[in-house]
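A.B. asks: Below are the chains, spelled out letter by letter.
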Amino acid sequence: MMKCVLDLQVTSVERLSERYVLLAATNPVGPLPEMRPGQFAQLRIDDSKETFLRRPISLHSVDYEKNEVCFLVQKVGKGTASLWQKQPGSTLNAILPLGKGFTMPLSPEQRFLLVGGGVGIAPLLFMGEAMQRQGARPVFLLGARSKSDLLRLDAYRACGDVYITTEDGSEGEKGFVTQHSILQKEKFDNIAVCGPKPMMMSMASYAKSKGIPCEVSLENMMACGLGACLCCVEDTLDGNVCVCKEGPVFGVEKLKW
Amino acid sequence: MEIMADLCVDIAGLRLANPVLTASGTFGYGLEYQDFVDLSLLGGIIVKGTTLEPREGNPYPRMAETAQGMLNCVGLQNKGVDYFCRHIYPQIKDIKTNMIVNVSGNSPEDYAECAARINELDCIPAIELNISCPNVKHGGMAFGTTTEGAASVVKAVREAYKKTLIVKLSPNVTSITDIALAVQDAGADAVSLINTLMGMAIDIEKRKRILSIGTGGLSGPCIKPVALRMVYQVARAVKVPVIGLGGISNAKDAIEFLLAGASAIEIGTANFLDPTISVKVVQGIDEYLEKHSFKSVKEIIGICE
Numbered sequence: 001m002m003k004c005v006l007d008l009q010v011t012s013v014e015r016l017s018e019r020y021v022l023l024a025a026t027n028p029v030g031p032l033p034e035m036r037p038g039q040f041a042q043l044r045i046d047d048s049k050e051t052f053l054r055r056p057i058s059l060h061s062v063d064y065e066k067n068e069v070c071f072l073v074q075k076v077g078k079g080t081a082s083l084w085q086k087q088p089g090s091t092l093n094a095i096l097p098l099g100k101g102f103t104m105p106l107s108p109e110q111r112f113l114l115v116g117g118g119v120g121i122a123p124l125l126f127m128g129e130a131m132q133r134q135g136a137r138p139v140f141l142l143g144a145r146s147k148s149d150l151l152r153l154d155a156y157r158a159c160g161d162v163y164i165t166t167e168d169g170s171e172g173e174k175g176f177v178t179q180h181s182i183l184q185k186e187k188f189d190n191i192a193v194c195g196p197k198p199m200m201m202s203m204a205s206y207a208k209s210k211g212i213p214c215e216v217s218l219e220n221m222m223a224c225g226l227g228a229c230l231c232c233v234e235d236t237l238d239g240n241v242c243v244c245k246e247g248p249v250f251g252v253e254k255l256k257w
Numbered sequence: 001m002e003i004m005a006d007l008c009v010d011i012a013g014l015r016l017a018n019p020v021l022t023a024s025g026t027f028g029y030g031l032e033y034q035d036f037v038d039l040s041l042l043g044g045i046i047v048k049g050t051t052l053e054p055r056e057g058n059p060y061p062r063m064a065e066t067a068q069g070m071l072n073c074v075g076l077q078n079k080g081v082d083y084f085c086r087h088i089y090p091q092i093k094d095i096k097t098n099m100i101v102n103v104s105g106n107s108p109e110d111y112a113e114c115a116a117r118i119n120e121l122d123c124i125p126a127i128e129l130n131i132s133c134p135n136v137k138h139g140g141m142a143f144g145t146t147t148e149g150a151a152s153v154v155k156a157v158r159e160a161y162k163k164t165l166i167v168k169l170s171p172n173v174t175s176i177t178d179i180a181l182a183v184q185d186a187g188a189d190a191v192s193l194i195n196t197l198m199g200m201a202i203d204i205e206k207r208k209r210i211l212s213i214g215t216g217g218l219s220g221p222c223i224k225p226v227a228l229r230m231v232y233q234v235a236r237a238v239k240v241p242v243i244g245l246g247g248i249s250n251a252k253d254a255i256e257f258l259l260a261g262a263s264a265i266e267i268g269t270a271n272f273l274d275p276t277i278s279v280k281v282v283q284g285i286d287e288y289l290e291k292h293s294f295k296s297v298k299e300i301i302g303i304c305e
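First to last, the sequence lines map onto chains R and W. Per my numbering, the very first residue in the first sequence carries number 1; after that it's consecutive. Per my numbering, the very first residue in the second sequence carries number 1; after that it's consecutive.
Since the hints were derived computationally from the structure, they do not count as laboratory data. Please read all numbers here as calculations on a predicted model, not as lab measurements. Check each hint, because a few of them may be wrong.
[Unchecked claim] Not the full set, but computed from the structure, chain R residues with beta-carbon under 8 Å of chain W:
1) Ile95
2) Phe188
3) Asn220
4) Ala223
5) Cys224
6) Gly227
7) Thr236
8) Gly239
Every residue gets a Cβ at the ideal spot worked out from N, C-alpha and C, and that includes glycine.
So that you can see chain R by itself, here it is in the shape it has in the complex:
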C-alpha cells in the first residue's frame, strides 16, 4: 500500500461539541490512495507556534466515490486545537495511509464486536462501513462518560447494531463497556477495541478469558509515523516495536498486558 503526502482540501467542518470536530477532506488533484480500517494519517499542524510535530489521527471514514476522508478529532492539546479551528477550503497536509489496520472478517457470517471508548470510537466507523460493504453486520459497543460525549451515533447505527454504556447512566447501560450485558448474551468471533488504555486492557482480559481473538489500537506518542525514529515503541513479546509501523493495531497476545 503506497504511502503519500497530500495537500488535502477541507470540504466540511462539523463541530460536534466544544471538544470534538468532524473534518472531511478531499484530494483535489487525484484519487485518494487505498486505505484500511485502523490505519492513520499524520496531519501537519500549520498555525500553532507551540507545536512542532505532526499529529497522528485515525481514519474515521473513507468515501472513495466522493474521494473524501474524514477525521474525528478530540481537542486535547495545542495541535488538536489547531485542527479544531480548520475552516472549509483550508489545506490539510496529510501523510497517509500509515500503519497496519484491523483484521477484517473472513466471511460475512463472522460476528465482530467493535468496542470504542471516548474518541477511540473514531476508527471503528471506517471498520463498520468496510464490514457492511462485505455484507457483514458489525456490533458496536460504545462507551462514554455521559450522553453528551456520544458522537455520531446515527452513522454507527447506519451500518450495524449499537450498544451503549455511559458512566453516569444518561444513555444506554450505566457503567463501563466491559460491564455491558451484550457481552454475556451474545457470542463473538472477534473483538476490535480502541479507547483509553484501561478500557482496552480490561476488554483484552475479557477476550482472553473467553478465548476470543482481540485486537487493540494503541496511541503511543509518535514523531515520524513511518518506523524511522523508533520513538513510539511498545514493549511487546517481540521486544520494542514501533506502534506507527507494526501497529497501531496489535493482537493482544503480542502485548505484555
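Position chain W relative to chain R; hints supplied.
C.D. replies: Chain W in isolation, oriented as in the chain R frame:
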C-alpha cells in the same frame, strides 16, 4: 527533477552526486522513505545506528516535543551488526546512492569489531562513527566529550576500517574544535557535526520528567544556530572535510551550512515533518547556484567570511 549546476562534492575520496545526506536515526534504512522520495536523487543515506550486539534501547516514553524541536532518548535500539549484514544489507545494497552506516559502541574494541564487519560489505562505502555513546569501562562518560576518549575510538576503528571514516561529533563539550582536531589526528577522513544537544522536558501536571531516562538529545530547527556556529569554527580549524547538520529544514538552511564551510549536509528531524524534504533541498541548492551564477556547489563551500 532537472539539475542545472554541478552539485557533486567529494568527501575524502567519497564522491557524492550532491551534498545532501539524510541523518542517522531519522531516515531508517532508506526503505521507510522510498514511497516518498526517489532515493537515487540523494547524495547519500546514513542508516540507523548499528552496534556489535543487539540493543533494545530505552523504555518508552522516548520523545518529547519542544518549541521548534524535539527530544529523544531512543538509546540506539537496533538488532546488531550481524543482523544488519545478513538481513538488512541485502535489501539496501542496490539503492543507487551512498549507503553509509552509523556505528556505535561501548568500548573502542566494540566499535572496531563492528566497523570491521561493515568493512566487508562492498556496497557500503563509508561509516559514520557516533562517539556520543557512554564509555562503559570509564564511568559512562561519552567518548566524544574528551579528546583522549574520542581519539581512542577513532584510532581503534581506523585500524579495522579501510574505507571513508566519518566521525560524528557531540556538541556537549567545552571545545568542539579540540575534539575535531583530535579525531583528525587519530585518522578520521571527515567529521560530521553536530549530534543532538543534551536536554530535558518536565510534565508539570505529573511533576515528572517526560523522557524515560530523564534526559534526551535535542534536535530540530531550535538547534540550528548552535550547529551553524560550530560548523563554521570547526571548518576553519581542521583540514578534513566537514559535514554539517543540526536543524536543517530547507534549502536556505543547507546553503548557510555550505557557506559556513560544510562540504555536505545532513537532514535529520525535518524528515519527520516532510518526508520529501531531502530532495526539495537538493533542488533548492541547485536553484540558488543557478540564480547566483555559480557553476558548481564547490564554489560556495566556506566562502562566508
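A.B. asks: Are Gly227/R and chain W close enough, Cβ to Cβ, to be under 8 Å, as the hint says?
C.D. replies: 5 Å, holds
A.B. asks: Restraint: Phe188/R near chain W, CB-CB cut 8 Å. Satisfied or not?
C.D. replies: With a minimum Cβ separation of about 31 Å from chain W (threshold 8 Å), the hint on Phe188/R is violated.
A.B. asks: Tell me if the interface restraint on Ile95/R is satisfied: Cβ within less than 8 Å of some Cβ in chain W.
C.D. replies: Holds. Min distance 7 Å.
A.B. asks: Per the CB criterion, is Cys224/R less than 8 Å away from chain W?
C.D. replies: 4 Å, holds
A.B. asks: Can Asn220/R be said to touch chain W, with a Cβ gap under 8 Å?
C.D. replies: At about 6 Å, which falls below the 8 Å cut-off, the nearest Cβ of chain W leaves the hint on Asn220/R intact, so it holds.
A.B. asks: Hint check: is the beta carbon of Gly239/R less than 8 Å from a beta carbon of chain W?
C.D. replies: 6 Å, holds
A.B. asks: Against chain W, run the beta carbon of Ala223/R and see if the smallest gap drops under 8 Å.
C.D. replies: 5 Å, holds
A.B. asks: Let's test the interface hint: is any C-beta of chain W closer than 8 Å to that of Thr236/R?
C.D. replies: Hint on Thr236/R: violated, closest Cβ of chain W at ~11 Å, above 8 Å.
Figure legend: structure checked against the earlier numbered hints; hints not met, in rising order: 2, 7.
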